[in-house]
Amino acid sequence: MRYIRFCNSGTKENRRSILTLCIGALFLSGCFLNPEPPGGPLSAEVEGTSAVRTLQRVNERALRCWIRSGDRAFRDLALVPELDTRTNDPRLLLVEKDNTRGLPKLVISASEGDSVKITTFGPLTANSLSNRINGDVLAWSAGRSGCD
1 MRYIRFCNSG TKENRRSILT LCIGALFLSG CFLNPEPPGG PLSAEVEGTS AVRTLQRVNE
61 RALRCWIRSG DRAFRDLALV PELDTRTNDP RLLLVEKDNT RGLPKLVISA SEGDSVKITT
121 FGPLTANSLS NRINGDVLAW SAGRSGCD
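Quick note: the sequence shown uses the numbering used here, first residue 1, plus one each step.
Derived by calculation from the structure, the hints in this document are not laboratory data.
Where hints are given, some of them may not hold.
[What the hints assert, rightly or not] Below, computed lysine to any residue pairings styled on SDA-like, alpha-carbon distance capped at 25 angstroms:
1. 117 <-> 70
2. 97 <-> 70
3. 105 <-> 72
4. 117 <-> 56
5. 117 <-> 145
6. 97 <-> 46
7. 105 <-> 56
8. 105 <-> 131
9. 117 <-> 99
10. 97 <-> 115
11. 97 <-> 112
12. 97 <-> 128
13. 117 <-> 72
14. 105 <-> 73
15. 105 <-> 46
16. 117 <-> 129
17. 97 <-> 50
[To be verified] Distance windows between CB atoms, simulated:
18. 144 <-> 43: 15 to 23 angstroms
19. 126 <-> 64: 20 to 28 angstroms
20. 101 <-> 49: 28 to 36 angstroms
21. 98 <-> 47: 19 to 27 angstroms
22. 88 <-> 147: 24 to 32 angstroms
23. 49 <-> 73: 31 to 39 angstroms
Please read all numbers here as calculations on a predicted model, not as lab measurements.
Backbone N, C-alpha and C define an ideal beta-carbon position, used for all residues, glycine too.
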């Protein structure tokens, strides 16, 4: 009851200021509580020494979570692994299902060093789906097995 009196006892301008501060605080807390991976091309380093093993994990989970699950965002796409390369830079290609020899919509590549460097490029990195792709690739390359 005192709270109601406090809110009602102030001037109209004070109540607006308090309301504005509360809305601003809620907005900012939402931004910090639910961080999303950035969209666009991905360039990240993950623990590990084998680029091939890292991409094998990503390939298995992407097949299960994106392609075989019937996910609408990926239903017209196929995943083509190129893990046995002479350049030591294995990659995964996300291509149109009807044109698997066409230009890839997304390339996920990995290279070895002190850690494994994961990079992505292609048209899907400029798409609204890139946040989700980046989050999944980072999680799967770090060892997570889920499809969230």
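The hints, checked one at a time:
1. A C-alpha spacing of about 29 angstroms is found between residue 117 and residue 70, which places the hinted pair above 25 angstroms, so the restraint is violated.
2. Using a Cα cut-off of 25 angstroms, the hinted pair residue 97 and residue 70 holds, with the two alpha carbons roughly 13 angstroms apart.
3. Restraint check for residue 105 and residue 72: the C-alpha separation of about 16 angstroms stays at or below 25 angstroms, so the hint holds.
4. At roughly 14 angstroms between alpha-carbon atoms, residue 117 and residue 56 fall within 25 angstroms of each other, so this suggested pair holds.
5. Only pairs whose Cα atoms come within 25 angstroms are accepted, and residue 117 paired with residue 145 is accepted, the gap being roughly 19 angstroms.
6. In summary, the hint linking residue 97 to residue 46 is not supported, as the alpha carbons are separated by about 30 angstroms, beyond the 25 angstroms threshold.
7. At most 25 angstroms may separate the alpha-carbon atoms for a hinted pair to count; residue 105 and residue 56 meet this at roughly 19 angstroms.
8. Pair hint residue 105 plus residue 131 holds up; C-alpha atoms about 15 angstroms apart against a cutoff of 25 angstroms.
9. A threshold of 25 angstroms between alpha carbons decides the hint, and for residue 117 with residue 99 the separation of about 29 angstroms lies outside it, so the pair is violated.
10. With a C-alpha separation of about 33 angstroms, the suggested pairing of residue 97 with residue 115 is violated against the 25 angstroms cut-off.
11. For the hint linking residue 97 to residue 112, the alpha-carbon distance of about 30 angstroms lies beyond 25 angstroms, and the restraint is violated.
12. The hinted pair formed by residue 97 and residue 128 meets the criterion: a straight-line CA distance of about 20 angstroms does not exceed 25 angstroms.
13. Among the hinted pairs, residue 117 with residue 72 is inconsistent with the structure: their alpha-carbon atoms are about 29 angstroms apart, more than 25 angstroms.
14. Between residue 105 and residue 73 the alpha-carbon distance is near 13 angstroms, which keeps this suggested pair within the 25 angstroms criterion.
15. For the hint linking residue 105 to residue 46, the alpha-carbon distance of about 23 angstroms falls within 25 angstroms, and the restraint holds.
16. For a cut-off of 25 angstroms, the pair hint linking residue 117 to residue 129 stands: about 21 angstroms separates their Cα positions.
17. Proximity of residue 97 to residue 50 is assessed by CA-CA distance (about 29 angstroms); at most 25 angstroms being required, the pair is judged violated.
18. The beta-carbon spacing between residue 144 and residue 43, approximately 19 angstroms, falls within the hinted interval of 15 to 23 angstroms.
19. Range check, residue 126 to residue 64: about 26 angstroms between beta-carbon atoms, so the 20 to 28 angstroms window is met.
20. At about 32 angstroms, the CB distance of residue 101 to residue 49 agrees with the hint of 28 to 36 angstroms.
21. Under the hint 19 to 27 angstroms, the C-beta atoms of residue 98 and residue 47, about 37 angstroms apart, miss the expected range.
22. Judged by the Cβ atoms, the range 24 to 32 angstroms given for residue 88 and residue 147 holds: they are separated by roughly 29 angstroms.
23. Distance hint check for residue 49 and residue 73: the Cβ-Cβ separation is about 32 angstroms, which falls inside the suggested range of 31 to 39 angstroms.
Violated hints, listed in ascending order, are 1, 6, 9, 10, 11, 13, 17 and 21; each of the other numbered hints is respected by the structure.
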